[in-house]
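> Each chain, written out:
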Amino acid sequence: MSELSVNHLLGIKYLNKEDIDLIFKTADHFKEVINRPIKKVPSLRDITIANLFFENSTRTRLSFELAEKRLSADVINFSAASSSVKKGETLIDTVNNILAMKVDMVVMRHPNPGAGIFLSKHVNASIINAGDGTHEHPTQALLDSYSIREKLGEVAGKKILIVGDIMHSRVALSNIFALKLQGAEVKVCGPKTLIPKHIESLGVTVETNLVKALEWCDVANMLRVQNERMEISYFPTTREYTQQFGLNKEILDSLKKQIVVMHPGPINRGVEITSDVADSKQAIILDQVQNGVAVRMAVIYLLASKINR
Amino acid sequence: MLNTLSGIKKNLTFVFTTLAVSNMSQKVLLNSKEINIILRRLACQLVENHPNFENTVIIGIQPRGVFLADRIIQLLEEEYNITNVEYGQLDITFYRDDFRRSIKPLEANKTKIDFIVEDKQVIFIDDVLFTGRSIRSALTAIQSFGRPKEIELLTLIDRRFSRHLPIQPDYNGRQVDAINDEQVKVNWKEVHGEDTVYLLPTSNTEIEAIQKKKNSK
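Line by line, the protein sequences are chains A and B.
Numbering-wise (our numbering), the first sequence opens with residue 275 and increments by one.
Numbering-wise (our numbering), the second sequence opens with residue 102 and increments by one.
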């Protein structure tokens, strides 16, 4: 198979196992490209991509922009803070105005869950979801799985633990879909208030004791505490969260096996993980960032190859 | 493959009229013995121009040029005792000029070049030279690894009269005057079990794919 089954990347939920395999295989080639002296290929010379960020982002936005530029696409950037969205323009109007300038692909981050899916039904362009509210963040999940595959050889059969705010995390949801699709075992861990009811229906197990959960896993993905999404208090204090669910060097060293530590960034050092863990050899946080560019290049390349004109 | 396809488009109508007769008739262009003689000559010609391969690197063009490059390197070692030739494999997929234009989606292969070609004499090796577009892509692709002093091209089969670009081989196995809708296929002992070059008529599936694409437009 050499083509994706979808025309947009709206969520991992819409992909199948073959799509993920194809994305990873393509990303392998791009990873080789970005380690060359000249890190650029001319494939997407005639493609224009708009990066629409209706919500703040540093890493994802830079990563997408770099991926686009390494593929030689033309790039326009847009952030909601400095735009007519403030004047009351609707999403479809905003995007259609941008598409009128002959744009082929839209990378969008939006605070509302489902914004990408809505857009894909109303505008004529390939859409990549770069995070829609608390729903999905597919490229993050892909780069997480890609990093696990790179570190441990394969994802199938591995035991992956996701720790933190499962309820508000789009990274957690996309990761669960992606990992289950590839045949990994997934456990979630966090304060009971931040674990959604019926999460077991996604095929994951729940554990509220961090040490027990860590003893079980091969990989621990430590999510960020997202203060901006919590209108009410889900746990008493950050310090109490850290005491119960923070990963520090003592816990890591006390485990029987060497586990891999991941974090989607940005890190709250000293909250979900301590600095010595984040900077330790077991952490692959910076590998995740590097792989992010290769995986995003693969996604953009594969979707662009389906654009007809 | 790309070369053949772009060739077929031009002659589509012609193909359709002659399909019934030309179907399934394949012809052997070179047999194992002939290939062996040609490979030895090519290796000999390389050594003539690059006596000790000090500043020369060999680049096999993925996917099919690599088989030929492997053979040439093996011969250099056996016949001329030239070992440790710097050898890389270059994939041109991301540099091709038919992205989103070809019928089949392009599938990438592995690029493996762990040296810099800056100021080196580069020898490109590919099995069949047809329109020259693959080599054009390779010329662009190799720039990502530095500025070579010069680049030469070695091919086993040169399908002259079908070039789209001003590109010619420096070392050539055999010139072939195949018409555009025919396909030249090189089989290697290591992968296909035999050393043979075939001249094939265009396969039905490819013609159907082109027809489908035309109809959908």
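Rather than coming from a laboratory, the hints here were simulated on the basis of the structure.
Where hints are given, some of them may not hold.
[Said to hold, decoys possible] Subject to a maximum C-alpha distance of 16 Å in a straight line, what follows is the list of computed EDC-like cross-link-like pairs (lysine to aspartate or glutamate):
| # | chain 1 | residue 1 | chain 2 | residue 2 |
| --- | --- | --- | --- | --- |
| 1 | A | K299 | B | E208 |
| 2 | A | K314 | A | D302 |
| 3 | B | K213 | A | E428 |
Since the structure is predicted, the reported quantities are computational estimates derived from the model, not experimental observations.
> Each hint: holds or not?
How the hints compare with the structure:
no. : hint             : verdict
1   : A:K299 to B:E208 : holds, 10 Å
2   : A:K314 to A:D302 : holds, 15 Å
3   : B:K213 to A:E428 : violated, 22 Å
Comparing the model with each earlier hint shows a violation of hint 3 alone; every other hint is respected.
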